Amino acid sequence: MMTEKKQPEEIIEMLDLLRDVPKRDASRRAAGKAQFLAQVKRISEKTVSISWFARLMNVSRSSIPNYRLSTLTIGLILAMLLLTFSTTSFARQAQPDQFLYPLKLWLEDQRVGITSQTADIIELRLDYAEERLREMEQTNLNLSNPALQNSISNFMYNLAEAARLIAEDPAHEPLLERLNSLQSRFDELISRLQEDQEDKAKTSDDKSNQFDDENIDDDREEENEPDEDLDDDNEGLNDRRDDDEVESDDTDDEEDITDDKDSAFEDPDDSDDSNDPDDGND
Amino acid sequence: MDDTVDYSDTELLNLGQQFDQQALAEIYDRYSDPLYRYAYRLTGSEQMAEDCVSETFSRYLNALEKKKGPRDLLRPYLYRIAHNWIMDQFRKNKSEISIEATTQPFVARDQHVDDAVSEKEQAELLRQHVERLSPDQRHVIVLKYLEQMDNAEIARIIGRNVGSVKALHSRALNNLRDWIG
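Read top to bottom, the protein sequences are chains R and G.
Residue 146 in this note's numbering sits at position 145 of the first sequence, with consecutive numbering throughout.
Residue 156 in this note's numbering sits at position 162 of the second sequence, with consecutive numbering throughout.
Do not rely on the hints blindly, as some may be mistaken.
As the list claims (entries may be wrong) - Between beta-carbon pairs, the in silico distance windows are:
1) R:Leu82 x G:Lys160: 51 to 61 Å
2) R:Ala32 x G:Ser158: 11 to 21 Å
3) G:Lys86 x R:Leu77: 45 to 55 Å
4) G:Val156 x R:Glu11: 19 to 29 Å
5) G:Val156 x R:Lys24: 41 to 51 Å
Bear in mind the hints are in silico, worked out from the structure with no lab data behind them.
The structure presented is a predicted model; accordingly, all values stated were derived computationally and were not measured.
Each residue gets a CB set at the ideal place from its N, CA and C atoms; glycine is no exception.
So that you can see chain G by itself, here it is in the shape it has in the complex (with noise of 0.2 Å):
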C-alpha cells in the first residue's frame, strides 16, 4: 500500500473492517488527536483525555473483531465510543470531578467573563460555566462549536434526535448567557 496514498474515510473504513494495518494505523493517527482534544475539553484531565482514546480504539477493535464496527461514518462512530465512555466516567467519579472543578483556580460563579483580566482567566472562567451544564448540554456545546460537527452529526454521537439536539444547544447558550452576563 503506497504511503503517500490520502484515503477517504469511506476507504478508511472499508479497510479497517478487512484488518488493514496501515489502514488502521492513519485511522489512529487522523483521529486521535481530535478525540483527545474532545476529551479533554470535557472532563478537563489529560490522563482521562489519553485514558479516553486508549480505551475508544480499544473499543472499535473489538466491534470489528466482531464484526460489528461502523457501517458507513467512521467519526461521529469513534466520537460516540467517546461520548459513551465519558459519560460512563461522569457517573462513576462524579464527585470527584466536582472537587476537580472547584480546585480550579477560583473565580467567583456570578462573576461576569468581561471582568476577568487575561484571556487565559477569562477561557478558565467560560471552562467553568460549560462544566455546569448538563453533561449533554456540554457535548453538544463542544461538538457543535469546537469539533465543528453539524447537528446530524451530532445527533448520531450522542444518541439523540436532530430536534433533541437543537434543543439542547438552544437550552446551553440560554444557561451559558445567564451564568456569563
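Only chain R is shown next, with the shape it has when bound in the complex (with noise of 0.2 Å):
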C-alpha cells in the first residue's frame, strides 16, 4: 500500500520526538566544570603580569579609540626614554657653571646608592673626585665663584668617604695610594688657582696705575695747547717730544720715543700686553 509522503510541516512535527535526550549525568558535570574552572585559573595565573602589555599591544582586536591610545601611550613612552637618555647624556658632560651640573651630581649618588660592594663605592667615590679635579682644571672660573666653591666640596667630600671607608677595612689599603695622589694634585691646583688670582689682582693694580700715568700724558698735553695754538702742528708735537725726552733730534725722533716709552712705564710686560691673556678678563 502506498502511503502518501508526509508534508513538510508533519516531517518537522515529528522531530519533536527528538527533543529528549538521557538527562546528563550530574557528576560528570560537575568534574567537566571543576576542570574547566582550573583551566580558567591556570591561565588566568600566567597572563597577570603580561596583561597590561597585552592590552597596551592590542591593537588589531581593539575599537578604533583604544588603538589611538595604544599608540598615544606607546609614543609617549618612547618619548619619555628619550628624553631620560639625552638629558642624563648631557648631565654627565656638564661643567659646574651650567644647568645639568647638579643633576649630574645626583646621578653619581644614586649610582653610588645602588653599589653593594664597598670597594666599588670607594671606586667610584674617587671616579668622581677624580672627575671634580678635572673639571677644575679644566674650568675658567674664579677660585671664589660659587660654582667652582660647589664643585671643591663635592671633591673633598668624595675623598673623605673614600677615605672613611678605607680605613673601616684594612683590605681596601691599596686605594690608599690613588687617593694620596688626588689630594696632591688637588693641593697643587689650589695652590696655583690661588696664585693666579693673586696675579690677576695685582694686574688689575698695575693697570689702575697706568691710567694714573696716562692722566699725567693729558695734564702734559693740555700744558702743551696753549703752545700748539700759537706755533705750527709740528713744533707743537716736537715740544710734546720734548717732555718725554732726555735728548730730542728730529731724525730720531721715533727711536727716542720707542726708547722713553719704555723708561716712562718700566714696565717689563709691555712687549707682552698682545700675548697676556689676562688682559680682558679683569
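Using the supplied hints, reconstruct the complex from the two chains, each of which is provided in its own coordinate frame.
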C-alpha cells in the first residue's frame, strides 16, 4: 500500500520526538565544570603579569579609540625614554657653571647608592673626586665663584668618604695611594688657582696705575695746548716730545719715543701685552 | 560581582575576554547543557557528548588566552567549536559510528514511522533516519528544529552562507520525507 508522503510540516512536527535526550550525569557535569574552572585559574595566573602589556599591544582587537590610546601611550613612553636618556647624557658632560651640573652630581650619588660592594663604592668615590679635579683644571672660573666652590666641596666630600671606607677595612688600603695622589693634585691645583687669582689682582692694580700715568700725559698735553695754538702743529708735537725725551733730535724721534716709552712705564711686560691672556678678564 | 545579576551574552563575552572567573563560570552553566544535548543528538553517545563539551570549552579558553575568542556572538562561536569537533570525530570514527548505528534496536530502514508502536520506537526510527543524512544536513536539522536557531546563526556555525543553509535544509527534509514515507 502506497503511503502518501508526509508534508514537510509533518516531518518537522515529528522531529520533536528527538528533542528529549537522556539526562546528563550530574557528577560528570560537575567534574567537567571543575576542570574548566581549573584551566581558567591556570591561564589567569599565567597572564596577569603581562596583561597590561597585552592590552597595550592589543591593537588588532581594539576599537579605534583604544587603538589610538595604545599608539599614544607607546609614543609617550618612547619620548620619555628618549628625553631621559638625552638629559642623562648631557648631564654627564656638564661643567660646574652649567644648568645640568646638579643633575650630574645627583646621578653620581644615585649610582653610589645602588652599589653594594664597598670596594666598588670607594672606586666610585675616587672616580668622582678625579672628575671634580678635571672640571676644576678645565674651568676658567674664579676661585671665589660659587660653582667652583661647589665643585671643590664635592671633591672633598668624595675624598673624605673614600678615606673613611678605606680606614674601616685594611683590605682596601691599596686604594689609599690613589687617594693620596688625588689629594696632592688637588693641593697643587688650589695653589695654582690662588696664584692666578693674586696675579690677576696685581695686574688690575698695575693697570689702574697705568691710568694715572695717562692722566699725567693728558695733563702734559693740556699744558702743551697753548703752545700748539701759538705754533704750528709740528712744533707743538715736538714740544710734547721734548717733554718726554731727555735729548731730542728730529731725525731720531721715533727711536727716542720708543725708548722713552719703555723708560716712562718701566713695565717689563709691555712687550707681552698682546699675548697676555688676562688682559680682557679684569 | 553580584551573583544575582543576570548578564547578557554580550556582557558575558566581554567579561570572559578579561578572564573574569565568575563570568566564565556563568558561561559554562549557561551553555554546557545545550551543547551536551546538541552533541548527543548528533552522535547518539553520552560519552562523546561529554567529551565534546569538555573540548569545546577548553578550546574556547585557549582562544581567549591568545586573544582570539569571539568578537560579538558567544553562542554560535561555542556551537561552531562543537560542530568542528564533531565533524572531526565523524571523519576519524566513521566506521565506528556506522557500527554503533546498526547495533541500535533495529527497525528496518524501509519501515514507516507510523508503523512503530511506541513513541520511543518512533523516536528511535526517526533518529536513525536523521543519521543517514549528510553531516551538514544533519547539523542544519538539529540546529534549526532542536536548538531553535535561525538560518543566519546556523550559517555561522557550520561555516556556510545562508543560501547554502536553505538548500541543505530543503534537501534534508526531502530525504527524510522519502525515508519516513
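Any hints this thing doesn't respect? Which numbers, in order?
Violated hints: 2 and 5; rest satisfied.
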